[in-house]
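Residue numbers (our numbering), protein chains in the order written: chain A, 14 to 127; chain B, 152 to 258.
What the hints contain is simulated information worked out from the structure, not anything from laboratory work. In this text the structure is predicted, and so the values were computed from the model without any measurement. Where a beta carbon is used, it is the ideal one built from N, C-alpha and C, also for glycine. One or more hints might be untrue.
[Stated by the list, open to error] Quick list of in silico lysine-lysine cross-link-like pairs, BS3-like style, CA-CA up to 30 Å:
id, chain 1, residue 1, chain 2, residue 2
1, A, LYS88, B, LYS193
2, B, LYS212, A, LYS55
3, A, LYS64, B, LYS196
4, B, LYS258, A, LYS55
5, A, LYS88, B, LYS196
[Stated by the list, open to error] Per the computed footprint, the stretches of chain A lying under chain B, defined by three or more beta-carbons under 8 Å from a beta-carbon of chain B, are:
id, segment
6, 54-60
7, 66-74
8, 108-119
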Amino acid sequence: VQLVESGGGLVQPGGSLRLSCAASGFTFSSYWMSWVRQAPGKGLEWVANIKQDGSEIYYVDSVRGRFTISRDNAKNSLYLQMNSLRAEDTAIYYCARGQALAYWGQGTLVTVSS
Amino acid sequence: DIQMTQSPSSLSASVGDRVTITCRASQGISNSLAWFQQKPGKAPKSLIYAASSLQSGVPSKFSGSGSGTDFTLTISSLQPEDFATYYCQQYNSYPFTFGQGTKLEIK
Numbered sequence: 014v015q016l017v018e019s020g021g022g023l024v025q026p027g028g029s030l031r032l033s034c035a036a037s038g039f040t041f042s043s044y045w046m047s048w049v050r051q052a053p054g055k056g057l058e059w060v061a062n063i064k065q066d067g068s069e070i071y072y073v074d075s076v077r078g079r080f081t082i083s084r085d086n087a088k089n090s091l092y093l094q095m096n097s098l099r100a101e102d103t104a105i106y107y108c109a110r111g112q113a114l115a116y117w118g119q120g121t122l123v124t125v126s127s
Numbered sequence: 152d153i154q155m156t157q158s159p160s161s162l163s164a165s166v167g168d169r170v171t172i173t174c175r176a177s178q179g180i181s182n183s184l185a186w187f188q189q190k191p192g193k194a195p196k197s198l199i200y201a202a203s204s205l206q207s208g209v210p211s212k213f214s215g216s217g218s219g220t221d222f223t224l225t226i227s228s229l230q231p232e233d234f235a236t237y238y239c240q241q242y243n244s245y246p247f248t249f250g251q252g253t254k255l256e257i258k
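Only chain A is shown next, with the shape it has when bound in the complex:
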């Protein structure tokens, strides 16, 4: 199982960023997929997840309406579109497999700063 995130970087407040997670080593279309973040020096925060076929999606309140999780099973890829970014969204963003987060990627750093 391998999960590789990309797309992080420095963005100004109010800006947008799209994260990607490339999955391999398992049947991607058979699993829920999740995003989890960790602000610098802080604990873990679950952000969102999406069912195998995309028919169910859930978000933490702090990102609902600003972030959109999606997936492309043909490309074995998970995405997180982040709009209206705030300083408090600064974190390492991890993708993880399943609802119990059995496997994690290495993370991608998102920094929101002017």
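Once you've looked at the hints, dock chain B against the given chain A.
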């Protein structure tokens, strides 16, 4: 939201010791609880799911127990590589939530 409270927040122990970390949920979550280990600068690693099931490849020195609101992670015979931060997470109700973490340090 379900609040997850870990205790202690930090713990000093010696190589060879057996330690127990507790995680309490603010409401019942059945057995929908996972435990993770995180070392500095690394991604979290899954240890336990469904409260007591060992993740593939994780040594049996790690064990989990509990159901409802009270859960424990026990690590036996501590080795230097076990010193890390440990998190619990509930996946019974949305939004999923984590405990604040327990930092296990070498005495």
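**Report entry** Pairwise hint evaluation, LYS196 of chain B against LYS64 of chain A, where the allowed Cα distance is 30 Å at most
**Finding:** holds, 22 Å
Query - Restraint check for LYS88 of chain A with LYS196 of chain B, where alpha carbons must lie at most 30 Å apart - result: holds, 25 Å
Query raised in the report: Hey, LYS258 of chain B versus LYS55 of chain A, does the alpha-carbon distance stay inside 30 Å?
Result: holds, 23 Å
Query raised in the report: Is LYS88 of chain A within 30 Å of LYS193 of chain B, Cα to Cα?
Result: OK: LYS88 of chain A and LYS193 of chain B at ~26 Å, within 30 Å.
Query raised in the report: With a Cβ-Cβ cutoff of 8 Å, does the segment 108-119 of chain A contain at least three residues near chain B?
Result: n = 8 at 8 Å, threshold three: holds.
Query raised in the report: Mind checking, does the segment 54-60 of chain A have 3 or more residues with a CB under 8 Å from chain B?
Result: holds (count 4)
Query - Holds or violated: LYS212 of chain B to LYS55 of chain A, with C-alpha atoms at most 30 Å apart - result: holds, 27 Å
Requested in this report: Confirm or reject the coverage of the segment 66-74 of chain A by chain B under the rule of 3 or more residues with a beta carbon closer than 8 Å to the chain's beta carbons.
Outcome: holds (count 4)
The structure is consistent with each of the numbered hints, conforming to all of them.
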